[in-house]
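Student: Work the whole structure out from these sequences, hints included.
Protein chains in written order, with our numbering: chain A, 1060 to 1374; chain B, 658 to 955; chain C, 35 to 290.
Honestly, the hints are just simulated from the structure, not real lab data.
Small disclaimer: the values here were computed from a predicted structure and weren't measured.
Incorrect hints may have been included.
Sample of chain A residues with no beta-carbon within 10 angstroms of chain C, all distances over it, derived [as the list claims (entries may be wrong)]:
hint	residue
1	A1075
2	L1156
3	T1189
4	S1192
5	T1193
6	H1197
7	E1199
8	Q1211
9	I1227
10	A1240
11	A1242
12	E1255
13	L1339
14	I1352
These stretches of chain C come out as covered by chain A in the derived footprint (C-beta under 8 angstroms, 3 or more residues) [stated by the list, open to error]:
hint	stretch
15	152 to 163
16	229 to 236
17	253 to 264
We put the CB at the ideal spot given by N, CA and C, even for glycine.
So you can see what is in the structure, the chains are spelled out below.
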Amino acid sequence: MCSRTNLVGALAFIAAAAAAPALPAWLVSLATIAFANGLVVLGLVVLWRAGLVPFGQALFYAIGAYAVALLSRYAGWEDVFLLVAIGAAAAGIVAFLVGFLLARYRDIFFAMLSLAMSMILYGVLVKTQTLGSTDGFHVEAASFLGYAPHGQALNLMLFWLVLAVSAIAALLISLYFRTVAGALAVPVRDNEIRLEFLGISVNRLIHLKLVIAGVLAGLGGALAALAVAHVDPNMAYWTTSGGFVFVTILAGAGSVAAAFVGSFVFELVRSIAVDLVPGLWQLILGSVLLLTILFLPEGLGSVFHRLRRSPEKAS
Amino acid sequence: MLTAFAILTDGLVYAAYLFVVAIGLTLIFGVMKILNVAHGSFYAFGAFGAASAVGIYFEKGWPVAGGFLIMVLVAMGIGLVLGLIIERGLLRLVCGRDEVIVVLVTFAASLILEDMILLIWGTQSYPLYQPLAAAGNFEVGSLVLSGYDMGLIALAVALAIAAHWALKYTRYGRLLTVVIFDHETAAAFGINVTVVFTVTFIIGAMLGALGGAVMAPKISVTLGIGVEVIVHAFAVVATGGMGSIEGALVGALIVGLCRAAAVHLVPQLELFVIYAVMALVLAFRPHGLFTQVPPRKI
Amino acid sequence: MTILSVRDLEKTFGSIVAVRDITLDVPAEQTVGIIGANGAGKTTFINMITGHLKPSKGTIRLEDRDITGWPSRAITRLGISRSFQMAQIFPSLTVFENMCAAAAASGLDGALMRVLAPLRSPATIEQANTALERFRIAPYRGALASTLPQGVRKLLDIAMAVVGSPRILLLDEPTSGISVEEKFGVMDVVMSALKSRRLTVLFVEHDMEVVARFADRVLAFYDGTVIADGAPALALADPRVQTLISGTKTDGQGHA
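Tutor: Pasting the structure below:
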């Protein structure tokens, strides 16, 4: 069963990669951002399964993005793989440190403390001139192990990079859900006290999940910085975090694929809304979110489940 | 010495603003256990509504005192309408679901309301200077204090006293205290919890709109003001304890004074001092300054 | 050999003294019945032994080790397990998944690699199935835990506490909420499931007949302290116990 899902997923990724050169440039760019953001959402899914929804993932997203931007501008580093790895690692380290405090909280306080941390970073970014202040700054074009493409070729290479990273992340996280740490997420949500009495430190488990989510968000931010070629403090603002949570609810916590599909749908809807009715895209987005919450409480992922009629519970 | 006094007055004014904005939010959370993201939209609607209505009023040259009254009335009217629509129309539909879902519903509502403001008032900004000018200035030593600012502080104090008195000494206030403690217990006592929810939400919405209305003369009333306010209000409420009005007061004071100190002494910290205070308080008192300990579960 | 010893144990909540002056030794593999009215301190006593509460005074020792004030997960790792007055299970999961979670959780020792091992390993599945059989709840394996009848919930709760092979088991009112006819049945299942495992068992119970039938020793709690401690026949016949806790059979006219 599970390997069939992996196979379908792998095929989907390969198909997307193969089709890219034939698709219009705007769609490829949109998909690139969508998948980069999908990584952040994947991290949120990991936490949501345990009953936690942080409202400040933008903290790690921005760290990943700014790490890439700063290194490429001030250190002159250009290699994409190196930059993205450092961005993700930086976010992971911060997640590890912040986790010591954050893992002690639950529910709305967890959400609020997470929000506070991201807003602190936002404040720092806005007030610091060397970090570009409110304008942010441009990310120099990147190179792939020596090969430095431009224009359409760069777009494609970035898309394939994001696709590859997403595929690997998706696989690793699916495997993670089958481990003890991943599978105990639902028990954490259901009855923490019981787990403590079974000998598990729930705080440490949550700390682990925070680090995973942080690394994923940092990856997403690093890739987004390359894709958009620009970073600014807005990447740490609470509305950015809100957007990620929005997509997580849209996608549902049931499957890994839903994180990426949900993110893609979100970017598409937002793009179309901004195009068609530039003044009212928030109205449209808000309405879509409301309708999803009211009629698809398990998110889009539940639609997949019903279609597949899988007897296996997602656990 | 002068700086200290300046910090004090600035801090109190900022604290007054924070308190007026936070009290509605903490009331709604305390009674309904809902974190209302749309509170920022109530604030924005109040500000725009006041800017429009009061602007027109003053242009007509009618008596000054009436202008202030109109401000309050407009805010209450807006709060009533919006509060009713959101609570009855929207929150009723997700009653009983996971609290994160309810927060997201209010987030969605705030997005929709944000664009409604755009539709109604457009992208330009609406300055509202007349109330400021009408209130005049007065001097204390070498400092010039704005009469309007002093009025703001007076309003916050009046609200705090009124809230305290209402909760402790009126029948409705005591009903509210029971509902805050536990919904089911209150219902078992025959309290119509549904009506209490609606009334509370409307009061909270009115207070939010009032916050916007009274702040309108001090800020540039333009798109996006609701967004920043909501995070400030959250931080104050979380610091003080969700659902506690004394908490909102103390939280507002602490944050207001800290921010004023930052502005005068270490300007780089200004933007995030409010969150740093919140994080610091939560690190030592995980549920805020004034909250009750949850009862034993096993 | 004494497996659990308690000295001068006390717990106060503000001005309320919930438990005071508890001193006792429990030999290995003894079955102890704890009786007493509500509020007498029985659950507080259990909460202190299992680490859910920190004692205000006194010590608790597991064999030679001082475990006073240790957190519950450390105490569980040492081999002291408990079940709850209100069964603490995972409502979103099926009975089988509950058991797997418990089996996997008990097998960990905090190492990172262990926590990243697959949950449904053959060993874990085997452990879960065995426990389900032992407690006779295997027919319910596919049912969602939130839909279980009370008796099965309690059995699941106890089974989850036992799957990790503890040395001491504390059962907090294992038959509460179960009908009078079924109480003995449930206790029979529990006791036979525990028999071969050489466990020391302490159980809180309100039904004197259940206590008389299954306990080797009875501890009677009243007003925060132990007022009788001995074999069931003796303890239950103690006049203080009869006055304060168990009551006596009357002849219909109020005469004992």
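Student: Hint by hint, say whether it matches the structure.
Tutor: Outcome of the hint check:
| no. | hint | result |
| --- | --- | --- |
| 1 | A1075 | holds (29 angstroms) |
| 2 | L1156 | holds (18 angstroms) |
| 3 | T1189 | holds (38 angstroms) |
| 4 | S1192 | holds (41 angstroms) |
| 5 | T1193 | holds (41 angstroms) |
| 6 | H1197 | holds (40 angstroms) |
| 7 | E1199 | holds (38 angstroms) |
| 8 | Q1211 | holds (41 angstroms) |
| 9 | I1227 | holds (17 angstroms) |
| 10 | A1240 | violated (4 angstroms) |
| 11 | A1242 | violated (4 angstroms) |
| 12 | E1255 | violated (5 angstroms) |
| 13 | L1339 | holds (39 angstroms) |
| 14 | I1352 | holds (20 angstroms) |
| 15 | 152 to 163 | holds (count 3) |
| 16 | 229 to 236 | violated (count 0) |
| 17 | 253 to 264 | violated (count 0) |
In the structure shown, a violation is registered for the earlier hints numbered 10, 11, 12, 16, 17, in ascending order.
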